[in-house]
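Enquirer: The chain contents come next:
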Amino acid sequence: MNLKLVDFGSICPLLVLCVTAFVVLIVDLFLDENEKYLNGLISLLGFSVALGWLYWVRDYQVITFGGFYIMDMLSIYFGILFCLIGGVTVLLSFNYIKIEGVNKGEFYVLLLFATAGMMILSSAGNLVMLFLGLETMSIPVYVLAGFRRNRPEGVESAMKYFLVGAFAAGFLLYGIALIYAAAGTFDIAAIAAFEPASIVNQKLFLLGIGFVIIGVGFKVSAVPFHMWTPDVYQGAPTPVTAYMSVGVKAAGFAAFIRLFYVAFANELFSVDWRMVIYVLSIVTMTLGNVVALTQTNLKRMLAYSSIAHAGYLLAALVPGTIEAGAGILFYLVAYAIMNLGAFGCIVLTSWKGREGDDLKDFRGMGWEKPVMGVVLTIFLLSLAGIPPTAGFLGKFYVFAAIIKAKYYWLAVIGILNSVVAVYYYLRVILAMYMEPAEVTVHPDDRSIFARGPFVAASLLASAALTLVLGLWPQYIYVAALRTIGHILPKI
Amino acid sequence: MLSSLYHYILTLVIFLPFAAALLIFLLPKNNKKMSLNFALIFSVFEFLLSLLIFKWFKINDAFQMQLGMEWIPQWGIIYHVGVDGISLFLVLLTTFLTMIVVLAAYSAVKERVREYLAAMLFLEFAMLGTFLSLNMFLFYVFWELMLIPMYFLIGVWGGERRIYAAVKFFIYTMVGSLLMLVAIIAMAWSYKAQTGEMTFEYAKLLNSELPIKAQLLMFGAFALAFAIKVPMFPFHTWLPDAHVEAPTGGSVILAGVLLKMGTYGFLRFAIPFFPEAVMKLLPYMMVLATIGIIYGALVSMVQPDLKKLVAYSSVSHLGFVMLGMFALTTIGVQGSVLQMVNHGISTGALFLLVGVIYERRHTRLISEFGGLSKVMPVYGTMFMIVMLSSVGLPGLNGFVGEFLILVGTFTSKAHPWMKAFAVISALGVIFAAVYLLWMFQRVMFGPVKNPANEGLSDLNAREVVMFLLILVFIFWIGIYPKTFTDRMEPAVNKIVERVAPMNVKIKTANVGVHEMRGEGNR
Numbered sequence: 192m193n194l195k196l197v198d199f200g201s202i203c204p205l206l207v208l209c210v211t212a213f214v215v216l217i218v219d220l221f222l223d224e225n226e227k228y229l230n231g232l233i234s235l236l237g238f239s240v241a242l243g244w245l246y247w248v249r250d251y252q253v254i255t256f257g258g259f260y261i262m263d264m265l266s267i268y269f270g271i272l273f274c275l276i277g278g279v280t281v282l283l284s285f286n287y288i289k290i291e292g293v294n295k296g297e298f299y300v301l302l303l304f305a306t307a308g309m310m311i312l313s314s315a316g317n318l319v320m321l322f323l324g325l326e327t328m329s330i331p332v333y334v335l336a337g338f339r340r341n342r343p344e345g346v347e348s349a350m351k352y353f354l355v356g357a358f359a360a361g362f363l364l365y366g367i368a369l370i371y372a373a374a375g376t377f378d379i380a381a382i383a384a385f386e387p388a389s390i391v392n393q394k395l396f397l398l399g400i401g402f403v404i405i406g407v408g409f410k411v412s413a414v415p416f417h418m419w420t421p422d423v424y425q426g427a428p429t430p431v432t433a434y435m436s437v438g439v440k441a442a443g444f445a446a447f448i449r450l451f452y453v454a455f456a457n458e459l460f461s462v463d464w465r466m467v468i469y470v471l472s473i474v475t476m477t478l479g480n481v482v483a484l485t486q487t488n489l490k491r492m493l494a495y496s497s498i499a500h501a502g503y504l505l506a507a508l509v510p511g512t513i514e515a516g517a518g519i520l521f522y523l524v525a526y527a528i529m530n531l532g533a534f535g536c537i538v539l540t541s542w543k544g545r546e547g548d549d550l551k552d553f554r555g556m557g558w559e560k561p562v563m564g565v566v567l568t569i570f571l572l573s574l575a576g577i578p579p580t581a582g583f584l585g586k587f588y589v590f591a592a593i594i595k596a597k598y599y600w601l602a603v604i605g606i607l608n609s610v611v612a613v614y615y616y617l618r619v620i621l622a623m624y625m626e627p628a629e630v631t632v633h634p635d636d637r638s639i640f641a642r643g644p645f646v647a648a649s650l651l652a653s654a655a656l657t658l659v660l661g662l663w664p665q666y667i668y669v670a671a672l673r674t675i676g677h678i679l680p681k682i
Numbered sequence: 044m045l046s047s048l049y050h051y052i053l054t055l056v057i058f059l060p061f062a063a064a065l066l067i068f069l070l071p072k073n074n075k076k077m078s079l080n081f082a083l084i085f086s087v088f089e090f091l092l093s094l095l096i097f098k099w100f101k102i103n104d105a106f107q108m109q110l111g112m113e114w115i116p117q118w119g120i121i122y123h124v125g126v127d128g129i130s131l132f133l134v135l136l137t138t139f140l141t142m143i144v145v146l147a148a149y150s151a152v153k154e155r156v157r158e159y160l161a162a163m164l165f166l167e168f169a170m171l172g173t174f175l176s177l178n179m180f181l182f183y184v185f186w187e188l189m190l191i192p193m194y195f196l197i198g199v200w201g202g203e204r205r206i207y208a209a210v211k212f213f214i215y216t217m218v219g220s221l222l223m224l225v226a227i228i229a230m231a232w233s234y235k236a237q238t239g240e241m242t243f244e245y246a247k248l249l250n251s252e253l254p255i256k257a258q259l260l261m262f263g264a265f266a267l268a269f270a271i272k273v274p275m276f277p278f279h280t281w282l283p284d285a286h287v288e289a290p291t292g293g294s295v296i297l298a299g300v301l302l303k304m305g306t307y308g309f310l311r312f313a314i315p316f317f318p319e320a321v322m323k324l325l326p327y328m329m330v331l332a333t334i335g336i337i338y339g340a341l342v343s344m345v346q347p348d349l350k351k352l353v354a355y356s357s358v359s360h361l362g363f364v365m366l367g368m369f370a371l372t373t374i375g376v377q378g379s380v381l382q383m384v385n386h387g388i389s390t391g392a393l394f395l396l397v398g399v400i401y402e403r404r405h406t407r408l409i410s411e412f413g414g415l416s417k418v419m420p421v422y423g424t425m426f427m428i429v430m431l432s433s434v435g436l437p438g439l440n441g442f443v444g445e446f447l448i449l450v451g452t453f454t455s456k457a458h459p460w461m462k463a464f465a466v467i468s469a470l471g472v473i474f475a476a477v478y479l480l481w482m483f484q485r486v487m488f489g490p491v492k493n494p495a496n497e498g499l500s501d502l503n504a505r506e507v508v509m510f511l512l513i514l515v516f517i518f519w520i521g522i523y524p525k526t527f528t529d530r531m532e533p534a535v536n537k538i539v540e541r542v543a544p545m546n547v548k549i550k551t552a553n554v555g556v557h558e559m560r561g562e563g564n565r
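Line by line, the protein sequences give chains A and G. Remember, the numbering used here sits 191 above the position in the first sequence when you count from 1. Remember, the numbering used here sits 43 above the position in the second sequence when you count from 1.
Chain A with its partners taken away, still in its complex shape (with noise of 0.2 Å):
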């Protein structure tokens, strides 16, 4: 294989992460404790400059190394996508790690791995690269999981989610042989254009495409495979659990479209496929919703949500069609920024020794801290799906396609789930305005700008962005179409 010039053009951004990664962890030796802030001024303009060269370079399609690694719309998409949940995530770490005594320059060189982990595998071309990506974005969310390895939960939540990991990846590793056996190919438009010799070819291939889901679907945590997303949610810091929330999943997805737009797209499998993924979609959303109701702690019960979210996410996967995908793409968005917005608000009730994500510590906050209160319900309002947020149209356009295809059923399923979903979200809003306030927290502690001015930024930002996504969803809506329309095979 001989490499051009335009291969290292084209993954530029991965190496601008790789390369803050390396001078925060170089700088970060020379810098006093009350300098640390400036690791993170160092990642958040590694991100930058990463979206930014993304957005610049965003027609751009080259399929290079090989066929390893895509540059097209979908992994500029999802790389823009992750760059920004990488920045927001460093913007709500600035003053959390510091107070919670584990002000490392590592926790940032860690984020940017992992980031460029999914950049990976949101642009593979290859079997082997998709798995590559999986395992570089894992690892240092493991780590990151466990950053506050003085707390038994976070080392509990690390563990937790390590060998959950480990054991996903075999799934996934035992999938793509499978696939490998019987196509005798790991690239995926080879996949793609796989034609079945036989029945056992055939069988075998579609085992392979079953461990692949299992293998991805832990990491986008679809039932059965959640076990780990509650404790692990709620043991790790909480910009972290911010991050894995909607970067991980993201990221997930992007390896779920790119496989089930271009690699298995071929009817012969998609109707098994399809099946599978509906009956998931199905009961991940149901479980996640029903067991959300019961929770108290308010890191656990956006666990739960995560996981429903997922379920909403599988659900418009099975249609397979333009405006499902650019439905996925668009919720994908939507929900990234509204629950980083609500990890975020957790960011700022906790103080040093305490979490502050006990429902009862919202209690009265609407009355207290006016401005939080309206932010943190702006974001809660948009995951249950209402109006005019940019949560209810992600939810408008998965099931508007979903209903376009057919599927009522799940259609309906879904809806009423999102009713469900009220419910438990409802009960963090009328905490916050309609319960009398126990005093656990110093009053102070409870202002959005508490935390510094980078956690007041970005969730203002958030609040605002939720709001203008919901109303003017033109701009990234119609990226989205053209980006699912580009991947999908010309008839």
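Don't read these hints as lab results, they were simulated from the structure. We put the beta carbon where it would ideally sit given N, CA and C, even for glycine.
Computed Cβ-Cβ distance ranges for the label pairs, DEER-style:
1) G:Ala504 <-> A:Val669: 57 to 65 Å
2) G:Pro116 <-> A:Gly243: 28 to 36 Å
3) G:Leu69 <-> A:Leu216: 46 to 54 Å
4) A:Trp558 <-> G:Lys462: 51 to 59 Å
5) G:Pro116 <-> A:Val253: 29 to 37 Å
6) G:Phe68 <-> A:Tyr365: 55 to 63 Å
7) G:Gln237 <-> A:Asp463: 29 to 37 Å
8) G:Ile102 <-> A:Trp558: 47 to 55 Å
Once the Cα atoms are required to be at most 20 Å apart in a straight line, the calculated EDC-like pairs of lysine to aspartate or glutamate come out as:
9) G:Lys211 <-> A:Glu626
10) A:Lys227 <-> A:Glu297
11) G:Lys417 <-> G:Glu402
12) G:Lys153 <-> A:Glu626
13) A:Lys295 <-> A:Asp223
14) A:Lys289 <-> A:Asp223
15) A:Lys289 <-> A:Glu344
16) G:Lys537 <-> G:Asp104
17) A:Lys289 <-> A:Glu226
18) A:Lys597 <-> G:Glu240
19) G:Lys456 <-> G:Glu540
20) G:Lys256 <-> G:Glu319
21) G:Lys323 <-> G:Glu252
22) G:Lys492 <-> G:Asp348
23) A:Lys597 <-> G:Glu252
24) G:Lys235 <-> G:Glu252
25) G:Lys75 <-> A:Glu559
26) A:Lys295 <-> A:Glu224
27) G:Lys72 <-> A:Glu559
28) G:Lys235 <-> G:Glu113
29) G:Lys153 <-> A:Glu559
Starting from the known structure of chain A, fit chain G onto it as the hints suggest.
Expert: Coordinates of chain G only, in the frame set by chain A:
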């Protein structure tokens, strides 16, 4: 200047309360008076603006003062508003009642006044948007938007079990409306399959041809959403809770306008969209409406709590609205629309009256009162007129609505049992007289037994103005309903022609009575 305002007036009317709801937060937090005055000025101005709509309204069946602006073009989602004879009066009712509620807030609301008013104004914005939307997507957005301020109004300023009531209200409404969303989307797709055009436009979707099976399912989804909102028996259980727990202003708006969303939805969307399904399900809807009338009235009779009594009387009155609507005659539907307005005014006023006494005594139990007319003569007079209007005394508004509905139902040829429904429902009028007069007697007449009632102050000037404004409309509709029925008629006819052509011959109210006689002779 004015001519260019013609097209923008509806948008102005919709968004003005929204602007006011935001602007009110610029006022100082603790200055109650200033917030109240601000909201009052805005809501009076808003009402005057809506009178301009009334003035410009021409009597025909078209949507007027339309404005369309692109919103999400790929999906045929347009910001499209317009007013016709049906929505006209509901818009006026909304702006009128909001004004009254703001006036009532001077004494009714004790804490967080600024936020209360903001929620009220935001609610007004959402309600007006719902009535004026001509795009299904826009309609749905406003429809859902209404829930949020009402949820806060009940949950923050409500009574003892306010949280339970607020959540119940929200979830109940949500179940119905989300299924309606599925039906709306399915309609849009089926229209696209027929014509190749993706649209959520009301006028265009009216032309889509749906097989009867699809019609039945979609009608079911729409009807569930609206029936919960009305509320029709057996979907009414959220209503007493919400009413009892809501603050006075919340109850007034809830009964006065929010319940009309359901009946308006039936008339505007569910009935014209699915004519065949309507004809098929007509008897069931009539049965439910009749049960609602009788059941609501009977349950009202035994309520010890004034507010609960009024709440259940709403179930009965709204049953009349549904009855007249599904009679599918011009008179019946006209009566039904008129009764929506009447109920808004009369029941709104009843809730205000209950609120007045609650502010003074902090109880609403009928057994606590007695002989109030001696202590508070002005209050007693106002109460009597409003109560009689709710009973349906000729010369007051309630009579006209109920009469038209019963005549419309009796003459309807849409279903062979129509006469039976009319006769049974007429019992509801008698029951209404029973529970309201009995309540009035126990509260107002007799000796003043309870010493706590002795020193009660009568209505003050603000409250008198408030009720006099309401009385104007009670008498106006009662004595000269033509102002209202004339403007409704073309729009109502259009729906009747579309759904029940057999009823077209029975034209306006006055002509209708003659025709009814003529047919009787034949």
